[in-house]
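Peer 1: So you can see what is in the structure, the chains are spelled out below.
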Amino acid sequence: MQRKKLGILLSTPQSHPSVETVATLSSEALAQQIDVYLYLIDEGVKNVRDPRLTELAHRGVKLFACAYGCQRHGVSTEGLDPAISLCGLVVLSNMVAGCDRFLAFT
Amino acid sequence: MPYHVAVVIRANPTKTHRAVEALRIALGLSAGEHTVTVFLLDQAPALLTEDLEHVIDADILEKYLPSLEQLGTPFVVVEGTLSQFRITPGFNVREEQLFRIAELIASSDRALVFS
Chain A
954 MQRKKLGILL STPQSHPSVE TVATLSSEAL AQQIDVYLYL IDEGVKNVRD PRLTELAHRG
1014 VKLFACAYGC QRHGVSTEGL DPAISLCGLV VLSNMVAGCD RFLAFT
Chain B
541 MPYHVAVVIR ANPTKTHRAV EALRIALGLS AGEHTVTVFL LDQAPALLTE DLEHVIDADI
601 LEKYLPSLEQ LGTPFVVVEG TLSQFRITPG FNVREEQLFR IAELIASSDR ALVFS
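In order, the protein sequences belong to chains A and B.
Okay, so the first sequence: first residue is 954 according to the numbering used here, each after it adds one.
Okay, so the second sequence: first residue is 541 according to the numbering used here, each after it adds one.
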């Protein structure tokens, strides 16, 4: 049976409580054998080095960061964890289309 | 599978960059296979006005507006908005009553809310 897919959009920085919510939700989804696709956009890209999220990427969360957002918010992509993919809105569009559930924490 | 996506913008474009960013995201989703409707609430209709002087990231917004106009992306605003904001002609804007807006958002497949 095909695994369910959960798409999550996060646009808030580390200081926002949504980051912890997203991390916990993603972890729980992984534990339930759900594929998780997490897209960091706008100020959400400031979380690319947050251990709560990078750890999830190594546990299987497909973690994407908006390349434009990194540029706009001065987030260096040098030495970025290889588990994180820099991408554009096409990936977000595909996530919206391909996931069974989609949640936006904006 | 293409979806009907509601992008709801309540962020005040003169106070935060998030309103323009939300519109960029809406445009990105419109360019794909999805049907995107943008709901502009509170002060967000200022994004489509002729005077963008006080809009944060207006220079970025000005790059995206022609595409949104050309794509005919549907914008929904609350009844009475068109008499309050000088919306630039050419955009696909319609007014709806608040309860109808709630129905439309609730009936969409995906909703992204920027407040």
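Hint data in this document are derived by calculation from the structure and do not stem from the laboratory.
All C-beta atoms, glycine included, are put in the ideal place defined by N, C-alpha and C.
Hints are not guaranteed to be accurate.
When the alpha-carbon atoms are kept at most 25 Å apart in a straight line, the in silico SDA-like pairs for lysine to any residue are as follows [stated by the list, open to error]:
| # | chain 1 | residue 1 | chain 2 | residue 2 |
| --- | --- | --- | --- | --- |
| 1 | B | Lys-555 | A | His-969 |
| 2 | B | Lys-555 | A | His-1026 |
| 3 | A | Lys-957 | A | Val-1044 |
| 4 | A | Lys-958 | A | His-1026 |
| 5 | A | Lys-1015 | A | Leu-1039 |
| 6 | B | Lys-603 | A | Cys-1023 |
| 7 | A | Lys-958 | B | Lys-603 |
To list a few chain A residues with every Cβ distance to chain B over 10 Å, as calculated [unchecked claim]:
| # | residue |
| --- | --- |
| 8 | Thr-974 |
| 9 | Ile-987 |
| 10 | Cys-1023 |
| 11 | Ser-1029 |
| 12 | Pro-1035 |
| 13 | Ser-1046 |
Peer 1: Which of the stated hints cannot be reconciled with the structure, identified by number in ascending sequence?
Peer 2: 4, 7, 13
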